[in-house]
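So the sequences go chain by chain: A and B. Under our numbering, the first residue of the first sequence carries the number 164, and numbering increases by one thereafter. Under our numbering, the first residue of the second sequence carries the number 138, and numbering increases by one thereafter.
Keep in mind that the hints are not guaranteed to be accurate.
[Stated by the list, open to error] Computed, partial: chain B to chain A, Cβ under 10 Å:
1. Ile395
2. Phe479
3. Asp512
Read the hints as simulated data drawn from the structure, not as lab findings. These numbers come from a predicted model, not from an experiment. Glycine residues also receive a C-beta, built at the ideal position from the N, C-alpha and C atoms.
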Amino acid sequence: MTQRRSKQEQPQDPLAALSEQGRDILSRVALVLEDRALNPGALLDRPQITIDPQDVAQVCRILKNDPKTSFNTLLCIAAVDYKDRIQMVYLLLSTDGERVLAIKTDLPYDNPELPTVSGVWKAADWHEREAHDLFGVRFTGHPDLSPLLLYEGFEGYPGRKEFPFHEYDEY
Amino acid sequence: MSAMENADPLSQTHHVDLMLNMGPQHPSTHGVFRMLLRVDGEVVVDAEPHIGYLHRGSEKLAEGEQYHQVVTLFDRMDYISNFNNEWVYCRAVEKLMGIEPPERAEHIRVILGELNRVASHLLFLGTFGLDAGAMTPVMFSFRGRERVQALFEAVSGARMMHNYLHIGGLKEDVPDNFHSLMNGLLSELQADVEECDRLLTFNEVFVARSKNVGAIDLQTALDYGWTGPCIRACGLEYDVRRAEPYSIYPRFDFNIPIARDGDCWDRYFVRVMEMYESLHIIRQALKEMPEGPVMAGARRLIRPPKGDVYVRAENPRGEIGVYLVSDGTDKPYRVKVRPPSFCNLSALRQLVKNAYIADAVVILGSLDIVLGEVDR
């Protein structure tokens, strides 16, 4: 019952679910990033933008350094395997204005590569190594992409959907 | 006083650095954590942390389980604060489905979550004392923690790995004598916390071992993605319960303790002060706890609508985040956890540089990591 109801309640306008504050964040971001294509949207009730993978590092640097946005912390980098593409989700936090922004970018499945943001936030270092371990995403310019969670010589990318649950050789 | 000054005469002569392996089976690493230290005499020149010994692929495993089964996986991530971990996952699914848990369930969640925070910080207090060479406090703090575990057992049936919070509420109501159990526990716990505090906090040797050790400035800490007590020790008054209030936290009156210097003692002190605040919140929640149902409707199959959600919560170790993607089936498409101690630990390399080996142990202890959560 509840599930069906909530499905119908899904808003048509992607920005309709955003609060006043969420719209304010998006307008600040649009102001700072000037004429880039942002495709603003909503991650349920949080503001989100979708950008080109090659722009990620540059956009992050601007968003961190500009006082209007000042996203001084990187909360999380999540990689999601959608079988035809790999989506990277960056979650940014600004502690002085209590702002959270999601940045999404789609990578081709056969060649997932994008510039690193470890030069922007040090926090990105381990998150990127994890995504490299589990999803095989390559971050160009990352200082050291050696395995973090997996052991040396592990074959395959266990985070991906194609990786089997049980049928593989244990270490 | 920099440790490097003492090492200066050595650097004039020809010498080689020694590689020292610490862990993964080492009592002071709080789990299976390995650190490769490059030492020059007693001074750490460089450190390379190795994690992953406890990597069980929880995020991948969650993709093969139904929504209500994933709660058990979250129990096993941060195994020191199980309730807080179950809570954030349940909130993620509830937010995606638009479910509001009943009032009574919210109050019980707050009480158990805050009790878990006290238990977790008590464990930290004891083990951090051990790291700094104080053998006694751990006996007292574990006695207090055991009282909390006993209450958890009375409520959920298990000391740890409770699987008590369900999506939409709780598995079952608390036992009939919950209020009398809680009243007894609260007075004992208050005395326990005060006793541990008196025993350790201003102990001269302890302060000498931890003050001005492993200090980090606020900007660097933010750069490393620090959250929770660690960032509050650097002087930033930031708490998700206040910054982005969830559940029924806005109704309660509590302070956010902060410290200034960002060293090991400050990180310890913030946690001690947090225990008092948690007890204060529990008392208020217990007083206002209404009667009523603990589950928002009975549902066998949980099938959230298509979409994704990011939910944040304040765990004892810092901010935990859950990024959940649903494809409309009864199993989550992707569960990504942002583990607080993973981010806090990533700064270790910088923290232990130029410190003594003995201080490296204290610094690692002050971060209060749980390897189950770091490795997932």
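Q) Broken hints, numbered, in rising order? A) 1
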